Amino acid sequence: MIPLVAVVSLRGRESRTLRVWVPLILLWLLLVPLAVLLSPVIFIVCLVCRVNPFRAFSVGWQILRALNDTEVEIEHRSAGVSICVF
Amino acid sequence: MNEHRRQILQMLSEGKISADEAERLISALEERPSAGSSQNVSESATKARPKYLRVQVDSEEAGHEGPTKVNVRVPMQLLRAGVKLAGLIPAQALHRANQAIHAQGIPFDLSQIKPENLEDLIDQLSDLSVDVDQKDREANVKVRVFCE
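Chains A and B are the protein sequences, given in the same order. Sequential numbering of the first sequence, starting at 4, is according to my numbering. Sequential numbering of the second sequence, starting at 12, is according to my numbering.
Chain A with its partners taken away, still in its complex shape (with noise of 0.2 angstroms):
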């Protein structure tokens, strides 16, 4: 299952967090018809750099699933950005 979901949050130096829930599902959705058109322009690069497109598709889209459950924390002082992947 690829994310749905991304939550990041930020922590000003007031201990003030504001939470952002980006619905990524939106962004697939958005994506899907630009890689649609833009498929035959990966296609050809990707013969012209002698790479299977097919097999860089397969790979790509399992990079793509495996993004779930990742979580990146950074504080640096009293502020601090978190980003998690569902």
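It cannot be assumed that every hint is accurate.
Claimed, not checked - Each computed DMTMM-like pair below joins lysine to aspartate or glutamate, with the alpha-carbon atoms no more than 25 angstroms apart: (1) B:Lys80 <-> A:Glu78; (2) B:Lys80 <-> A:Glu17; (3) B:Lys146 <-> A:Glu78; (4) B:Lys146 <-> A:Glu76.
Simulated from the structure, these hints should not be mistaken for laboratory data. Since this is a predicted model, take the numbers as computed values, not measurements.
Following the hints, position chain B against chain A.
Only chain B this time, still in chain A's reference frame:
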């Protein structure tokens, strides 16, 4: 186990043990494997394959207001997919990258990174924990890398 049973039966035939003793010994032998298998199950449960790679960095620099902390959780699936991505790199580019790495004096061959090698590595990662602790006048840095 059959060998043990045979020994018991031989001792019985030689008259070294009575029939009751032989029966008790055989029943004890029969109980032993079930205890062993339950132990194996608990061992395999505790040694489950790791799902995530965790990298924690805790840095405190002198003269700064507060510490800097980094906490990254990477799914193992992403590592596997990343290695597969490395497999897509054209041979010519891989050769150039290898040359650049060798020029830096690092004896590492990128073409040797294969998904099957990574599986072996991940199997061993469950026991791995890297702790780096650096303390000096200017900074105090702690790095932890482990699997969970």
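Hint check:
1. B:Lys80 <-> A:Glu78: Within the cut-off at roughly 5 angstroms; holds.
2. B:Lys80 <-> A:Glu17: Holds: Lys80 of chain B and Glu17 of chain A sit about 18 angstroms apart, inside 25 angstroms.
3. B:Lys146 <-> A:Glu78: Holds, because 20 angstroms separates the two Cα atoms, which is no more than 25 angstroms.
4. B:Lys146 <-> A:Glu76: holds, 23 angstroms
Violated hints are absent here; each numbered hint is respected by the structure.
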